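S.K.: Sequence:
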Amino acid sequence: MRGSERASLELLGLLLHSLEVVFSANTGFSMSIYDVTSRSIYLRWSKFSGASSYRVTATAVNTVGHSLLAHFSDVTLKSTLTSLIPNTVYAIQAEAVDKNGIILAETRTVQSTAPDIPVIDQAYSKLSNSITVEWRAVPGATSYLLSAQDGDSCIETVVPKSPGTVMGLEPATCYRITIRSVNAGGKSRPSPSRKATTDPGTLYTIKAYAWNADGLPGDDFTYNQRTSPKAPADVQVASNSGVLRAIVSWMPAEGALTYSVTASSGLLNLKCNTSSSSCIIPSLQCGSEYSVAVTAHNDAGSSNPTDAVSLRTIPCAPENISIEEDERGNLLVSWSRVNFGHYYVVFVKSDDGLEVYCNTSHTQCHFQSDCGFTYFISVFAYNKAGQSPLGDVFNYTTAPCCPSDFRAVLVSSDTVEVSWSPVRGAEMYETKAASWRGTVLCNDTATACTLSALRCNTLYNVTVYSFSEARGSNTSCASKYVATGMCIPAFLYTYKQSVKQLSAPCSPEIKNISKEALSVISVHWQSNNEEATYIVTARGETGLWHCTSSGNSCTLINLPCGSAFSVSVTARSPAGQSLPSYSVPLETGACCPSGVKLYRLGNNGIRVYWRASEETISYTTDLCGSKGNFTCTPSSGVSYCDITEIPCGDVYTVVVSPATDKRLKLTFCPKKIYS
Numbered sequence: 001m002r003g004s005e006r007a008s009l010e011l012l013g014l015l016l017h018s019l020e021v022v023f024s025a026n027t028g029f030s031m032s033i034y035d036v037t038s039r040s041i042y043l044r045w046s047k048f049s050g051a052s053s054y055r056v057t058a059t060a061v062n063t064v065g066h067s068l069l070a071h072f073s074d075v076t077l078k079s080t081l082t083s084l085i086p087n088t089v090y091a092i093q094a095e096a097v098d099k100n101g102i103i104l105a106e107t108r109t110v111q112s113t114a115p116d117i118p119v120i121d122q123a124y125s126k127l128s129n130s131i132t133v134e135w136r137a138v139p140g141a142t143s144y145l146l147s148a149q150d151g152d153s154c155i156e157t158v159v160p161k162s163p164g165t166v167m168g169l170e171p172a173t174c175y176r177i178t179i180r181s182v183n184a185g186g187k188s189r190p191s192p193s194r195k196a197t198t199d200p201g202t203l204y205t206i207k208a209y210a211w212n213a214d215g216l217p218g219d220d221f222t223y224n225q226r227t228s229p230k231a232p233a234d235v236q237v238a239s240n241s242g243v244l245r246a247i248v249s250w251m252p253a254e255g256a257l258t259y260s261v262t263a264s265s266g267l268l269n270l271k272c273n274t275s276s277s278s279c280i281i282p283s284l285q286c287g288s289e290y291s292v293a294v295t296a297h298n299d300a301g302s303s304n305p306t307d308a309v310s311l312r313t314i315p316c317a318p319e320n321i322s323i324e325e326d327e328r329g330n331l332l333v334s335w336s337r338v339n340f341g342h343y344y345v346v347f348v349k350s351d352d353g354l355e356v357y358c359n360t361s362h363t364q365c366h367f368q369s370d371c372g373f374t375y376f377i378s379v380f381a382y383n384k385a386g387q388s389p390l391g392d393v394f395n396y397t398t399a400p401c402c403p404s405d406f407r408a409v410l411v412s413s414d415t416v417e418v419s420w421s422p423v424r425g426a427e428m429y430e431t432k433a434a435s436w437r438g439t440v441l442c443n444d445t446a447t448a449c450t451l452s453a454l455r456c457n458t459l460y461n462v463t464v465y466s467f468s469e470a471r472g473s474n475t476s477c478a479s480k481y482v483a484t485g486m487c488i489p490a491f492l493y494t495y496k497q498s499v500k501q502l503s504a505p506c507s508p509e510i511k512n513i514s515k516e517a518l519s520v521i522s523v524h525w526q527s528n529n530e531e532a533t534y535i536v537t538a539r540g541e542t543g544l545w546h547c548t549s550s551g552n553s554c555t556l557i558n559l560p561c562g563s564a565f566s567v568s569v570t571a572r573s574p575a576g577q578s579l580p581s582y583s584v585p586l587e588t589g590a591c592c593p594s595g596v597k598l599y600r601l602g603n604n605g606i607r608v609y610w611r612a613s614e615e616t617i618s619y620t621t622d623l624c625g626s627k628g629n630f631t632c633t634p635s636s637g638v639s640y641c642d643i644t645e646i647p648c649g650d651v652y653t654v655v656v657s658p659a660t661d662k663r664l665k666l667t668f669c670p671k672k673i674y675s
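For reference, each letter of the sequence shown is one residue, going 1 to 675 in full-length UniProt numbering.
One thing to keep in mind: the hints can contain errors.
In silico lysine to any residue, SDA-like type, Cα no more than 20 angstroms apart, as pairs [as the list claims (entries may be wrong)]:
(1) 597 x 613
(2) 384 x 316
(3) 671 x 630
(4) 671 x 612
(5) 432 x 479
(6) 349 x 394
(7) 432 x 475
(8) 47 x 102
(9) 384 x 244
(10) 47 x 57
(11) 597 x 673
(12) 47 x 103
(13) 511 x 413
(14) 511 x 483
(15) 597 x 472
(16) 671 x 639
(17) 195 x 149
(18) 161 x 119
(19) 349 x 339
(20) 384 x 238
(21) 349 x 390
(22) 480 x 411
(23) 432 x 405
(24) 672 x 644
(25) 161 x 151
(26) 349 x 378
(27) 78 x 116
(28) 511 x 475
(29) 671 x 397
(30) 627 x 613
(31) 47 x 32
(32) 627 x 651
(33) 187 x 149
(34) 349 x 367
Keep in mind the hints are simulated off the structure, nothing from the lab. Computed from a prediction, not measured in an experiment: that's the story for all the values here.
Starting from the given sequences, assemble the full structure and let the hints guide the process.
M.R.: Now the structure itself:
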């Protein structure tokens, strides 16, 4: 083809390439082009009556020997011409053909293909809101379409040549970059994509030069500028079980110098700042939910906060704890629900060291209980973050056990000696002898009691009750019946008085022993000889005590408290000395202290407190366990004692008893258990 003809065809193509629809004269047969790429033209045509097939021919106007022929059935009304040359003008002809091969109608148009697909050389970000793309120029392209896609978001811009910049992007965001070449015919397919991130935290060096009017360089100026960082990634929040603090960690952000962590819950905001990639947030509140976010900082500014991460702290300790015996032998522990408490565990530890627990999602638990125990009760709430802090530790003391094995022995016609084994939880005992004629009581801390001055020949109902300061008296204790001896006939007394005492006096008969004070007792006997002198002897483990009288009573003083004695009376006259009377057992009184309580002093010490039965009594505190024994003796009149440096993890028996001059260990005072 000659140059002038070629130029004419190119001019024709330029004049007609924009025509999308061309009608064949007088036939009504038409063709339209609805899309164009570098190597394809998409076209459609109208259905023509009588046509059994359609034939489409595309011939390159400015390229010799390049044409394309395609045949279609009568039901096909659109087609895609492929394998075309980019940036080339094509003359396109569509023909409607009948079954005999005769052309019924034809239509023509001219269309240029789009330029070839560009190839991206590089894509980079110089500013936090833009990405610059560089590529090789494509022949025939009059402009280029740059696209930056982030998920469903896509930003496009048209540039005349390389390099081109897409503006309006989000900082610190990764985009998929493509480019299309454009000419009057259409747009090419997108280029293979490149990923580029608006580069946060990047240090740029900017250099400016000064030039004069003659183009000679002068001074220059260099300035360093770092862009603001992006938000940190992969934020993790972890809390130590049972501790109200959280450890927040993240992946470092490029160019970040410092980080700030904010934990928000309602109006409360907690912060921590660090230059590392983790931070500890202390002083969290129990039973709360926090929103945790991390922000990166440098000299240029701050990143956006990260998406908030939810943090739920450990629940608070349950409150409104109540403890009751809904029936004997059964403890009911109840409490109020707490925020974010998924389940609860109740620990019940008895003062002998045995511990049981109950795990429940409800707000009450039942436990079996025994008499005479003190139970220490703690309630904890749990969730995924861990265990609630330790709340108040409650204690509940059950009623003391009953002395079920007591013995009642008749030692004279009007005296009954009652003894029993110590029972758990008892601080004092009350012995009661009841008959239809009256009641006799004996209160003591010891495990024996002598009931005297009873009526002879009488049936008594004897009961021993246990008592504790914490729970009072156990009134459910069983009783026994005891009958006193026969009464002495009156005529025998008259006969004895009428007989002249020519020999040694007869043995006296003790009628009654009464306690006048803590260490003072009075002994009464039947006097059967006016000339006799009577000697009272109290024999005990710590020695002998005597008093003398010519009457029918005598007072013993300064007896050690809490001690057991055997009391007898001997008559002495000029004619000789009688045999001793029947011995009557005696125990001195209330010298064990009452209200013994234990208080914790740190992790390895306790304070023992008591109420003294008498201000002048000195007490000794003994603490015994498998890891050692400890003794503390305060000054007289002091009602507490501190014992320190106690090995932990043991169960100790604590006894407060009166101090003795001979350093004897008195074992009759009640015991306390400390764990």
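S.K.: If a hint holds in the structure, say so; if it does not, say that too.
M.R.: So, going through the hints one by one against the coordinates:
1. Straight-line distance between C-alpha atoms of residue 597 and residue 613 comes to about 15 angstroms, which keeps the hinted pair within the 20 angstroms bound.
2. Between residue 384 and residue 316 the alpha-carbon distance is near 13 angstroms, which keeps this suggested pair within the 20 angstroms criterion.
3. Proposed proximity of residue 671 and residue 630 is supported: the alpha carbons are some 15 angstroms apart, at most 20 angstroms.
4. Taken as a hint, the residue 671 and residue 612 pair is honoured in the structure, with Cα atoms around 16 angstroms apart against an allowance of 20 angstroms.
5. The straight-line distance between the Cα atoms of residue 432 and residue 479 is roughly 9 angstroms, inside the 20 angstroms bound, and the hint therefore holds.
6. Proximity of residue 349 to residue 394 is assessed by CA-CA distance (about 10 angstroms); at most 20 angstroms being required, the pair is judged to hold.
7. Using a Cα cut-off of 20 angstroms, the hinted pair residue 432 and residue 475 holds, with the two alpha carbons roughly 12 angstroms apart.
8. Distance check on the hinted pair: residue 47 and residue 102 sit about 16 angstroms apart at the alpha-carbon level, within 20 angstroms; holds.
9. Of the supplied pair hints, the one linking residue 384 and residue 244 holds, its CA atoms being roughly 13 angstroms apart against a limit of 20 angstroms.
10. The suggested pairing of residue 47 with residue 57 holds, with an alpha-carbon distance near 17 angstroms, which does not exceed 20 angstroms.
11. Restraint check for residue 597 and residue 673: satisfied, since their Cα atoms lie roughly 10 angstroms apart, inside the 20 angstroms limit.
12. For the hint linking residue 47 to residue 103, the alpha-carbon distance of about 14 angstroms falls within 20 angstroms, and the restraint holds.
13. The suggested pairing of residue 511 with residue 413 holds, with an alpha-carbon distance near 10 angstroms, which does not exceed 20 angstroms.
14. Under the criterion of a C-alpha separation no larger than 20 angstroms, the hint pairing residue 511 with residue 483 is consistent with the structure, at around 17 angstroms.
15. Between residue 597 and residue 472 the CA atoms are separated by roughly 15 angstroms; this keeps the pair inside 20 angstroms, and the hint holds.
16. For the hint pairing residue 671 with residue 639, the CA-to-CA distance comes to about 17 angstroms; that is within 20 angstroms, so the pair holds.
17. Distance hint between residue 195 and residue 149 is fulfilled; the C-alpha atoms sit about 10 angstroms from each other, no more than 20 angstroms.
18. At most 20 angstroms may separate the alpha-carbon atoms for a hinted pair to count; residue 161 and residue 119 meet this at roughly 13 angstroms.
19. Using a Cα cut-off of 20 angstroms, the hinted pair residue 349 and residue 339 is violated, with the two alpha carbons roughly 26 angstroms apart.
20. At roughly 11 angstroms between alpha-carbon atoms, residue 384 and residue 238 fall within 20 angstroms of each other, so this suggested pair holds.
21. Simply put, residue 349 and residue 390 have alpha-carbon atoms about 15 angstroms apart, close enough for the 20 angstroms limit, and the pair holds.
22. A hinted pair counts as satisfied when its Cα atoms are at most 20 angstroms apart, and residue 480 with residue 411 qualifies at roughly 16 angstroms.
23. Only pairs whose Cα atoms come within 20 angstroms are accepted, and residue 432 paired with residue 405 is accepted, the gap being roughly 15 angstroms.
24. Taking the CA atoms of residue 672 and residue 644, the gap is near 17 angstroms; set against the 20 angstroms cutoff, the hint holds.
25. Pair hint residue 161 plus residue 151 does not hold up; C-alpha atoms about 27 angstroms apart against a cutoff of 20 angstroms.
26. This hinted pair checks out: residue 349 and residue 378 have alpha carbons roughly 9 angstroms apart, not beyond 20 angstroms.
27. With a C-alpha separation of about 24 angstroms, the suggested pair residue 78 and residue 116 falls outside the 20 angstroms cut-off, and the hint is violated.
28. A hinted pair counts as satisfied when its Cα atoms are at most 20 angstroms apart, and residue 511 with residue 475 does not qualify at roughly 31 angstroms.
29. Taken as a hint, the residue 671 and residue 397 pair is honoured in the structure, with Cα atoms around 14 angstroms apart against an allowance of 20 angstroms.
30. For the suggested pair residue 627 and residue 613, the alpha carbons sit about 31 angstroms apart, so the restraint of at most 20 angstroms is broken.
31. Restraint check: the Cα-Cα separation between residue 47 and residue 32 comes to about 12 angstroms, which is no more than 20 angstroms; the hinted pair holds.
32. A hinted pair counts as satisfied when its Cα atoms are at most 20 angstroms apart, and residue 627 with residue 651 qualifies at roughly 9 angstroms.
33. With a CA separation close to 18 angstroms, the supplied pair residue 187 and residue 149 stays within the 20 angstroms bound.
34. Under the criterion of a C-alpha separation no larger than 20 angstroms, the hint pairing residue 349 with residue 367 is consistent with the structure, at around 11 angstroms.
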